[in-house]
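Q: Listed below, chain by chain, are the residues.
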Amino acid sequence: MDVLGSGLVQALGLLLRGDAETWRVTLLSLQVSLAATALSLLIGVPLGTWLALVRFPGRGLALALVNTGMGMPPVVAGLIIAILLWRTGPLGQLHLLYTPTAIVIAQVALALPIVVGLSTAAVQQLNPRLRLQILALGATRTQYLWLLVREARLPLVAAVMAGFGSVISEVGAAMMVGGNIQGQTRVLTTAIVLETSKGNFDLALALGLILLALVYAVNLALTWIQQRGHPL
Amino acid sequence: MSARLATSAAAAAAPRGAPLLGLRDVRVVRDGRAILDVAALDVWPGERLAVVGPNGAGKSTLLQVMMLLLRPERGAVRFAGAVVDARRDPVPTRRRMAMVFQEPLLFDTTALANAMSGLRLRGVPAAAARAAARTWLERLGVAALADRPARTLSGGEARRVSLARALALEPELLLLDEPFGALDYPTRQALLAELPALLDAAHTTTVLVTHDPAEGLALASRAVALRDGRVAAEGAVAPVLAAAGLLPTAARGGP
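In order, the protein sequences belong to chains A and B. Note that this note's numbering has the first sequence beginning at 12, numbered continuously upward. Note that this note's numbering has the second sequence beginning at 4, numbered continuously upward.
Don't take every hint at face value.
Here's a subset of chain B near chain A, in silico, CB distances under 8 Å, partners left out [said to hold, decoys possible]:
id: 1; residue: Arg30
id: 2; residue: Val32
id: 3; residue: Arg33
id: 4; residue: Leu72
id: 5; residue: Ser120
id: 6; residue: Asp187
id: 7; residue: Tyr188
id: 8; residue: Leu202
Hints were generated in silico from the structure; no laboratory data involved. Where a beta carbon is used, it is the ideal one built from N, C-alpha and C, also for glycine.
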């Protein structure tokens, strides 16, 4: 139990002393995962809404693929993105491997299926007659889609939380395409793995507590957005 | 349900002038079966037309075709003299109408924002939309609920807000799909008593789907009975209701 207590003390010390490396790793984690979540949101909500509203041949297969992607192991996503970005790979000339951008790409591959799958469910659970009601109110196509997304905002914010939660906490993809390079691609999860392997349990735990606090802060903000105007 | 009753009653009750909305040879097919097959049906300016018929007769389908929510496989819908077909954007025409469905179908926001929503979609500025919405919430007796989230309203309150949302648009044609179903008796009686005056004051042409002869008699100036998607009778309210089996045969003036 000593480890827990000293880990907490060390975490506070690292942050309050303004330890540059700790702050850099924390900020990079936040930047990379927020960017991946935002991109997944921009692509995933329209795609999920489309999958919920449009019937086409192969829709069932597409949905099954999305649902499989929701359970994508981060190391597998990391491996695939690493192969694509490898120096001799199809996207090798972009020189993105072992950069924060590579981590963002791999994390989008993880978060996007979650956002798409949950967005599809969010829009599908709306009363189908509400769609007719929106059109009957004289909505244009754009107004119609906007109102549907607005009606589904509660589960959509939950989709954002799930997407963010999956990427901020993953280590496999960040390790494989980022490489845990100090000062460049080291994020909280990869730093925790490294410190633990070196036997620095106090520091590892301190970073773990910072990670938890970060996840809590982001979810607090998202919960506030979600529950605004929802007293019940 | 003789053809003679249909023609004579229609001739007696149909007002003159050009119809506001007309259907010609309209056919809607589902799973190879015609669920709506209407040779001719007109809605005249200022009238209140009741649509009756058993479950599955095509009443809700008819309303959706009128609201341009469902494009028939065949036939033409005319609104104010102009044919509205696949080549025309239905939105401008829809914006001259309003429809209240069997459920209130309110948005997850306040009662006031709900009552404003149709106006806001039409680009009416917020202040003007709010004023109109408040007026209609007032007329429907739910002004006190304006700031309440729609989720917290009772069935009757939600129904009134959904009527206010439609009436605030001051539509040329109002389509009501069993708007009083699932309401308790006092609420239903109160709305039945209030609605004709509100509709008259706004000169709103109305089509009302109903199962209830009392609603038909209280609200409608003319009626049409559907059966198996076809017009089975059309004309004065009481004879059509009787023909549809909604009134005791004595009301037909029979034996």
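Q: Now tell me if each hint is right for this structure.
A: Quick rundown of the hints versus the structure:
Look at Arg30(B): its Cβ only gets to about 20 Å from chain A, farther than 8 Å, so that hint breaks. For Val32(B), the suggested interface contact is broken, since its CB lies about 18 Å from the closest CB of chain A, more than 8 Å. Because the closest C-beta pair between Arg33(B) and chain A is about 15 Å apart, greater than 8 Å, the hint is violated. The beta carbon of Leu72(B) is positioned within 8 Å of a beta carbon in chain A (closest approach about 5 Å), and the interface hint is therefore held.
At about 6 Å, the closest approach between the beta carbon of Ser120(B) and any beta carbon in chain A falls short of 8 Å, and the interface hint on this residue holds. At about 22 Å, the closest approach between the beta carbon of Asp187(B) and any beta carbon in chain A exceeds 8 Å, and the interface hint on this residue is violated. For Tyr188(B), the suggested interface contact is broken, since its CB lies about 25 Å from the closest CB of chain A, more than 8 Å. About 18 Å separates the beta-carbon of Leu202(B) from the nearest beta-carbon of chain A, more than 8 Å, and the hint is not met.
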